[in-house]
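Trainee: Chain by chain, the residues run as shown.
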Amino acid sequence: MSTAATTANSTTTDSTATSLATTSSTLRQQVLVLYLANSALDSWVVGWSRYDGTGRTTPTSGDSDEPPYETGVAALLDGWRLIQASQLVPPSPGHEYDVSFLKHEFFFERIVDTAQPRS
Amino acid sequence: MEETAKTTPDAGRRLLSSVQMARFVARGALRLDAVVPPEMNAEALGVLADGVPGVPYGTPLSKAYDQGSFVARLLELPQVAGAVHSLVGPEPTIDHHAVHIREPRGGEAQPLHADAIIDVRTDAFDVQLMYYPQDVTLEMGGTLSVPGSHLRRTNESDTGRYQNLRGQDRLVCPAGTVVFLHHGIWHGGRRNESDVVRYMFKVRFNPQVRQRLLWDTSDVDDPQVRSELDAHFPWYEQASGRLERYNRVMLWRELTGDDTFDLDHWVTRVANRPQEPAV
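First to last, the protein sequences are chains A and B.
Start counting the first sequence at 1; every next residue gets the next number (the working numbering).
Start counting the second sequence at 1; every next residue gets the next number (the working numbering).
Chain B on its own, in the form it takes in the complex (with noise of 0.2 Å):
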């Protein structure tokens, strides 16, 4: 394994665990409750309400949101800086960033699909942060993910005939929640049942750094990585479930450069071709 990177988290920034880096490797989706005080939240309302002026495609982190401005403040956030780093590292740029809102007792719900268009990077992935102000109830329609789709290769809205998958999420979350998702993962916004207004701020980045060890790792050796990296989920076929694993793995491997990291064999076993003569 190479010298790790970063394993000391800065001042003002909270870095995900190992054991939370797993979790996202194998769900696509890492999600941190109630980490928006609330006196943000009540703000967020208003500035959500109004807009958010959009940034050019490809702006550094660091220009794209005015010093003290809801998001710049938002971004801050321990928690939320910490998330940010681990997963795409220092100075990601900004693909871009849309409010989304659902009124009451309108819309439709958003057919399945993965954001803009097929991306097979194995050794490279974007994060969406979505953000939700308000406590989101079942009726609300929050955001619908599927954990585990991220790995899949399909493109955009090509998976729209999946209306329900066993084990899907439903987003049901506290005010103030912010859910990483990777670039891959099935999702769509519910339709909102309820007489409430509800709001989600996404903000989509791109790394500019090789995503390896961005984390602190100091836990990864821990039993619960491999526990996470090898959870089943209950959509997935009894055959491809194996290849999700096997998948799992090989991203595993990218991030922590451990070209030995294995789960049950999968990937040693169908990778091995002895090229030495019998004696």
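Just chain A, same shape as in the assembly (with noise of 0.2 Å):
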């Protein structure tokens, strides 16, 4: 993951994270990524990408032109939990003016019993 960024809930020792250690548990983590269209979490989602623990799907490039949720707060909602957001970082002297990677990214998660039936 991106050094220029923060981490929230770092120190999490809850019994999800403690469950998540054992070797027999069947709790696994499914991640979302959004872009959104600027800092803020309740701003419009530009970009999505999904990595799913549970093996149960296999997102990958160019697999919908429809995003998951319209805002980051939207994602929320419907029980994400936000784990990681980019930091505002200034543009360096010189390079005011150039466009590179997406700014606002804000990663999320969601931890699905596998041992449950899909819902």
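Listed next, with one range per pair, are the computed distances between beta-carbon atoms: (1) B:223 with A:113: 56 to 66 Å; (2) B:63 with A:42: 55 to 65 Å; (3) B:274 with A:111: 55 to 65 Å; (4) B:273 with A:38: 22 to 32 Å; (5) B:99 with A:115: 45 to 55 Å; (6) B:54 with A:113: 49 to 59 Å; (7) B:265 with A:54: 43 to 53 Å; (8) A:97 with B:99: 30 to 40 Å.
Since the hints were derived computationally from the structure, they do not count as laboratory data.
Just so you know, even glycine gets a beta-carbon here, dropped at the ideal spot from N, CA and C.
Now that you have both chains on their own, put them together as the hints suggest.
Mentor: Below, the structure is given as structure tokens:
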């Protein structure tokens, strides 16, 4: 992950995290990355990626034209937990007009119990 | 603005218009649907399956392919030859070419990437021709590309984390379609979910002349030019979208020699540094 990022819940020691550490656990992580129109979490989704630790789906490049949520907050409302957000980094002197990577990247996670039937 | 370098199409070559060039500058891509005739598309399937022998880097276009060969005939088609001339000028060199084959129900999607390595030239660009000899359906995994991504300064597959962007182009096209791409555009072959082998032939051209006014400039003052250059793409962040306009203006100035051209004052405003003392 990017070094230019902050991590939320980095000291989490709840039962979920503990369970994940056990080899017999059936809990798996799903990751959702949303790219937003500005640095506000309730702004418009302009890009998205998904990674599925359950193995039930295999998301990949160019597999959909419609985002899973319209805003970052909409993902929260659906139960995703924000675990990382891009920092706001000023442009380097002399490169103020350069365009490069998407700036407003938000990582979310959801823990799924693979022992339960698929919803 | 400088004197027009070339405004009259030569026989057998159909130059791009200013509107088409503006579209290329904004999108980083220009698509010409079904410009290759059906009999050549049928021939291409065999030619591409057999492979096209490579040519050394930097071979002049006129010396790269045997006269009468399939690739030579492809590049001599009026619309193809005209687009190549308009974008990179006369006698570009061949960087390389490649046949891309996506097996049915196989393979993985490529991560979103720009070809070669990071390339930050602001006064020159390479162009890649992509030729599709078959009808390409969504299931066949036609090339994914991101309109307006070509001016982003990123290196090769560092963008692989981005799976989908609003307004992305998942190519679906009729047989004989040729797409020209700016070297910096983000793209990738998609997973082929169909039962059909998909073929694509790619050629990268390096310009050997200054890329200025090489197209049919008779419509350079058409208001549609400005509209094309001002295009917004849904994946742009609000702030970076404005910088995209700034960078497009700078590229259009390079291509036309008109250093007063602007869109909504974006460049003029931030370049205004008066030196005259107040009276």
